[in-house]
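K.L.:
Listed below, chain by chain, are the residues.
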Amino acid sequence: MILPCNCPSCGKQLKVKSLVCESCSTEVTGLYELPLLARLSPADQDFIIKFVKSSGSLKEMAKELSLSYPTVRNLLNNIILKMTENEK
Amino acid sequence: MKNNSSIIRFFINPFEKIAGGNALFIGLIMMAATSFTGSIAGVAFDGVVDVHLYFHPFLYGITVQVVSWIVLVLISWIAAKAVRAGQFRLVDLAGTLAFAEIPFFFLAFTGFVPAFRRIADLSSINLSAIFLFALVTLVFIGLSLYWMYRAFAVSTNLTKPVHIITFVITLFIAEASAFGINQLVVKEALGNPQKEIRTQGPLTEQEEKVLARTKEITGFFAENDINESITSLFNDEMLAQLPVKDLESTWNGLQKQFGRFQGFEDDTSVSTKGELVVTETTAKFERISFVLQLTFDENTNISGLHVKPKLF
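In order, the protein sequence lines correspond to chains A and B.
If you want my numbering, it's the position in the first sequence, counting the first as 1, plus 24.
If you want my numbering, it's the position in the second sequence, counting the first as 1, plus 13.
Bound conformation, chain A alone (with noise of 0.2 Å):
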C-alpha cells in the first residue's frame, strides 16, 4: 500500500492523525506533519532513491534513466525546490 501524501478531494497536503503498533495495538493519535521526504510525490520519492543508491552521482543517474545530463539534474533541482517550499 502506497502512503497518500496528497488530499484526494482538494489536493492539500494530508496530515497524520494516528499511529498504531502492530504488536500491543498501542494507538497514538494527534496531528502530526508527514515527514519531509514523505511529502514528495512517490516519483520523485523514487528518483531520490535512485540517487542515494547511485552514490549522488548523476552522472549514474542519467545512464540508468536514460536521460541526459542536465535533464537528471533538472529533475533534482525542482526535487530541492519543493522540498525548500514544503520546509516553509
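Hints are not guaranteed to be accurate.
To be verified - Think about it this way: if two alpha-carbon atoms lie no more than 27 Å apart in a straight line, the pair counts; the simulated DSSO-like pairs of lysine-lysine are: (1) B:Lys30 <-> A:Lys106; (2) B:Lys30 <-> A:Lys77; (3) A:Lys106 <-> A:Lys87; (4) A:Lys112 <-> B:Lys173; (5) B:Lys30 <-> A:Lys87; (6) B:Lys173 <-> B:Lys94; (7) B:Lys173 <-> A:Lys83; (8) A:Lys106 <-> B:Lys173.
Rather than coming from a laboratory, the hints here were simulated on the basis of the structure.
These numbers were taken from a predicted model, which means no experiment stands behind them.
Given chain A's structure and the hints, the job is docking chain B onto it.
P.N.:
Using the frame of chain A, we list chain B on its own:
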C-alpha cells in the same frame, strides 16, 4: 507505435536524451558537414539563424558558422547568469546549441536546386521558386530555433514562460553580434566571397565587355537620361519585368525619397559567377548611398538590376 512516439519525443526535445560532450561532438561534426556541403552547394550560414546563397571557400563557411555558434553560446551563458539560473555546465549549453544547428545541414542542400540557384544568381525572378525556398528555409530554421530554445531551457533549467522572453532577447543580441563580427572581422580577415573585386589581374574578354556596358549605362543614369538605350540592353525576361517607363519612375522615386542623385563613384567591381557577370557601382544620393548591381547573362545582356543600400 512506441518507436514512433519516441521519435516524436526526440524531435520535440532531443536534449532530454542527449547533451554535454556527446551533443557537442555530434554538433561539431554536423557543423563541419554543413559547412562542407554549403561550400560546394553555395549556401553560407553566416549568422545565428542566417542562410544565404553564395559560393564561398570551406574555411570561410566553417569560420562564420563557428563564430556565430560561439557568440550564441556566450550570450546565452551571460543571459542565464543574469536571470540567476542555478548552476549549469557550459559544456551542456555549448553542446546542445551546437546540436540544435543540425537542421542547417539539410538546408545546405538547397543550393543544389537549380531553381533556388537562379534566385541567388539574380538571373531570374521566379516567384514560385522564391516562395518554395522561403518555405523550406522557414521549416528548417524553425526547427533549429525551437531546438535552440529547448537547448537553452534544458541546459539552464530556465523553463518558465517568462524565460522565453529571455531567450528571444538573447537570440536577437547574438544574431546582431554574430552579424557584426562576421561582417567586420571575418570578411575582413578571410575576404568577402560575396564581393570578389577584380582590381588586379587581367579581366576576361566578357568582363571587359560588361565593364564597358556598365559605364555606358551609368552614364545614362548620371545624365538623368532614362531611355530605351538602357532597356535595349535588357534580356527579354528583364525587359518584360522592367520596361523603360517603370525604370524611369523607379529612378525618379529614389530621388524623391533619398534626395537628388549626386553621381556614381569610380569604384565599379566586377565578378564572374558561372556564366553570369555581376558589376557593382556606388550611386550617391543626397541622403544615402546605394549600390547599383547589374547582372549580365552569357550574351552580355542585363538579366538583373538591383539597387541596395550601401552598408559597408
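K.L.:
Hint by hint, note whether the structure agrees.
P.N.:
Here is how each hint holds up against the structure:
no.	hint	verdict
1	B:Lys30 <-> A:Lys106	holds, 24 Å
2	B:Lys30 <-> A:Lys77	holds, 21 Å
3	A:Lys106 <-> A:Lys87	holds, 24 Å
4	A:Lys112 <-> B:Lys173	holds, 22 Å
5	B:Lys30 <-> A:Lys87	holds, 10 Å
6	B:Lys173 <-> B:Lys94	holds, 15 Å
7	B:Lys173 <-> A:Lys83	holds, 25 Å
8	A:Lys106 <-> B:Lys173	holds, 15 Å
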